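There are 2 protein chains.
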Amino acid sequence: MTQCGLDVSLSIIGGKWKPLILYHLQDGPTRFSEIRRRVGGISEKVLIQQLRELVAMNVLVRHDHQQVPPVVDYTLTPFGGTLVQALVPLCEWGNQNRARVADML
Amino acid sequence: MTQCGLDVSLSIIGGKWKPLILYHLQDGPTRFSEIRRRVGGISEKVLIQQLRELVAMNVLVRHDHQQVPPVVDYTLTPFGGTLVQALVPLCEWGNQNRARVADML
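Chains G and E, in that order, are what the protein sequence lines are. Residue 1 is where the first sequence starts when you use full-length UniProt numbering, and the numbers rise one by one after that. Residue 1 is where the second sequence starts when you use full-length UniProt numbering, and the numbers rise one by one after that.
The following block holds chain G by itself, in its conformation from the complex (with noise of 0.2 Å):
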């Protein structure tokens, strides 16, 4: 089997945002201003674009309340939800070799 199947993975959440963005959902529906606070540093046109990627993709759905001022929350789908629970190893691994990896690069 030559397929390692993480080219299909990064098809989706390749790219210095997503994997963040879906990191920070894993807690239910939340709110734009909330994943952008929670994501830190990215622009307020990037994280549009980037939800708008993961919703097209059926990762995420986007919720409007139809309230005036808008309220907007974005929750992961169960195909979201299994994609997230696939990626948090990876990221976990990153996380407690941070700077065991920072020393060798």
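Hints in this document: simulated from the structure, not taken from any laboratory.
Which residues of chain E face chain G? A partial, calculated answer using Cβ under 8 Å:
no. : residue
1   : 3
2   : 12
3   : 19
4   : 20
5   : 23
6   : 83
7   : 86
8   : 87
9   : 101
Now the in silico label distances, taken between C-beta atoms and shown as ranges:
no. : chain 1 : residue 1 : chain 2 : residue 2 : range
10  : G       : 99        : E       : 105       : 31 to 41 Å
11  : E       : 64        : G       : 61        : 51 to 61 Å
12  : E       : 52        : G       : 29        : 39 to 49 Å
Derived list of chain G stretches under chain E, where covered just means 3 residues or more per stretch with a C-beta under 8 Å from a C-beta of chain E:
no. : stretch
13  : 15-25
14  : 80-92
These numbers come from a predicted model, not from an experiment. Glycine included, C-beta positions come from ideal geometry on N, C-alpha and C.
For chain G, the structure is supplied; the task is to place chain E on it using the hints.
This is chain E only, laid out in the frame that chain G set:
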């Protein structure tokens, strides 16, 4: 906690080949020719370079059996083993969802 850690993990296994190489080294010491066969489609020159980098980062250990003709094999270090363990879920997610994701792209 802003960090998700995937950036650290990908600093070691980023790129097309390294995840595949590590994925196929789960079964113990593996000879260069066998790695090349399992990974499929990688040139000798590129595989030598990728393996050298993984040895330099203490993910693999290279063992030269001092024989003629030369026999060299590669084995995951304990450190490399923890990385592969964290990598496998994302690889398997990719394999399980390859068709579904292909339809979306």
